[in-house]
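Student: Using the hints provided, position chain B relative to the given structure of chain A.
So the sequence lines, in the order shown, correspond to chains A and B. Counted the way my numbering counts, the first sequence spans residues 6 to 115. Counted the way my numbering counts, the second sequence spans residues 329 to 441.
It should be emphasised that the hints constitute simulated quantities derived from the structure, not laboratory data. In this text the structure is predicted, and so the values were computed from the model without any measurement. Careful: at least some of the hints might be erroneous.
[What the hints assert, rightly or not] Okay, derived cross-link-like pairs now, PhoX-like style, lysine-lysine, Cα gap no bigger than 25 Å in a straight line:
{"no.": "1", "chain 1": "B", "residue 1": "Lys369", "chain 2": "A", "residue 2": "Lys73"}
{"no.": "2", "chain 1": "B", "residue 1": "Lys342", "chain 2": "A", "residue 2": "Lys84"}
{"no.": "3", "chain 1": "B", "residue 1": "Lys342", "chain 2": "A", "residue 2": "Lys47"}
[Unchecked claim] Which bits of chain A does chain B cover? Going by a derived footprint, with three or more residues having C-beta under 8 Å, they are:
{"no.": "4", "region": "30 to 37"}
{"no.": "5", "region": "105 to 115"}
[Unchecked claim] Anything over 10 Å on all C-beta distances counts as not near chain B; from chain A, calculated:
{"no.": "6", "residue": "Ser25"}
{"no.": "7", "residue": "Asn27"}
{"no.": "8", "residue": "Thr54"}
{"no.": "9", "residue": "Ala58"}
{"no.": "10", "residue": "Glu65"}
{"no.": "11", "residue": "Leu67"}
{"no.": "12", "residue": "Lys73"}
{"no.": "13", "residue": "His79"}
{"no.": "14", "residue": "Glu86"}
{"no.": "15", "residue": "Glu97"}
{"no.": "16", "residue": "Asn101"}
{"no.": "17", "residue": "Asn102"}
Positions of the beta carbon are idealized from the N, C-alpha and C atoms, including for glycine.
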Amino acid sequence: EDQVTQSPEALRLQEGESSSLNCSYTVSGLRGLFWYRQDPGKGPEFLFTLYSAGEEKEKERLKATLTKKESFLHITAPKPEDSATYLCAVQETGANNLFFGTGTRLTVIP
Amino acid sequence: GAVVSQHPSWVICKSGTSVKIECRSLDFQATTMFWYRQFPKQSLMLMATSNEGSKATYEQGVEKDKFLINHASLTLSTLTVTSAHPEDSSFYICSASGKETQYFGPGTRLLVL
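Isolated chain A, as found in the complex (with noise of 0.2 Å):
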């Protein structure tokens, strides 16, 4: 069965501060790996899609790399805009549905 497992549940950082949220992950055979950004009371919105391992991408402050067993994003000199929960999301080799780990709520304090 998948199973996707997020650390830290929470975060708390000081603007400026970098750090990185983690993301493990088994599944059978992977399709891909997603970060998804959620602000309280609203849909996730789409960071990032990872392939394969060694795979990393980056928006902004944000940059996601990927490895066998886990992912990894990573958090450049955070803004209190940054302040969001972090979920991470797995989606097996012929399906079509993503599961999700409980999220990384991230704060940032200005």
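Tutor: Just chain B now, kept in the frame of chain A:
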């Protein structure tokens, strides 16, 4: 691009009534749409997968007679919560399969009194 809308954004209803939620892909066609439920501070739980023109596939433990799903066109799926009860109160989110991933709607908050 890849915008998904949901309507209504929130609804309050009395116990025993039915509530319909619409999910639309605004700028792309989606043969597959998904319905999720999210409890406070928890992740998204897939309820069902909706394919245009065919019956929805429900996840284990989700009552298909309680949560009616219709995917009548490539841009519209609806979720009807029948005979709603307070325990059905939740945040319901739909998504539509696009080129790269699933794109999510803004969610519908349902409160059943």
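Student: Against each hint, give a clear statement of whether it holds in the structure.
Tutor: Hint check:
About 28 Å separates the Cα atoms of B:Lys369 and A:Lys73, which puts this hinted pair outside 25 Å; it is violated. Annotation: proposed proximity of B:Lys342 to A:Lys84 is violated, straight-line Cα distance about 42 Å (limit 25 Å). The hinted pair formed by B:Lys342 and A:Lys47 meets the criterion: a straight-line CA distance of about 24 Å does not exceed 25 Å. Taking a C-beta to C-beta cut-off of 8 Å, the region 30 to 37 of chain A contributes 1 residues in contact with chain B, too few for the three needed, and the coverage statement is violated.
Here the region 105 to 115 of chain A counts 5 residues with a CB under 8 Å from a CB of chain B, which clears the bar of 3, and the coverage holds. Once the 10 Å rule is applied to beta carbons, A:Ser25 is consistent with being away from chain B; the minimum gap is 20 Å. The claim that A:Asn27 lies off the interface holds: its Cβ sits roughly 15 Å from the closest Cβ of chain B, which is beyond the 10 Å cut-off. Consistency note on A:Thr54: stated as away from chain B, yet its beta-carbon is not over 10 Å from all of that chain's, at 5 Å minimum.
No Cβ of chain B comes within 10 Å of the Cβ of A:Ala58; the nearest lies about 19 Å off, and the non-interface call holds. Once the 10 Å rule is applied to beta carbons, A:Glu65 is consistent with being away from chain B; the minimum gap is 18 Å. Listed as a non-interface residue, A:Leu67 keeps its Cβ farther than 10 Å from every Cβ of chain B; the least gap is roughly 16 Å. The Cβ of A:Lys73 lies farther than 10 Å from every Cβ of chain B, with a closest approach of about 21 Å, so its non-interface assignment holds.
At roughly 20 Å from the closest C-beta of chain B, the C-beta of A:His79 stays outside 10 Å, upholding its exclusion from the interface. Distance to chain B confirms A:Glu86 as a non-interface residue, since its nearest Cβ pair spans about 18 Å, more than 10 Å. Distance check for A:Glu97 against chain B: the nearest CB is about 13 Å away, which clears 10 Å, and the non-interface claim stands. In this structure A:Asn101 is not separated from chain B by more than 10 Å, as the shortest Cβ-Cβ distance comes to only about 6 Å.
Under the 10 Å C-beta cut-off, the non-interface status given to A:Asn102 relative to chain B is violated; the minimum distance is some 6 Å.
Going through the hint list in order, the structure does not satisfy hints 1, 2, 4, 8, 16, 17.
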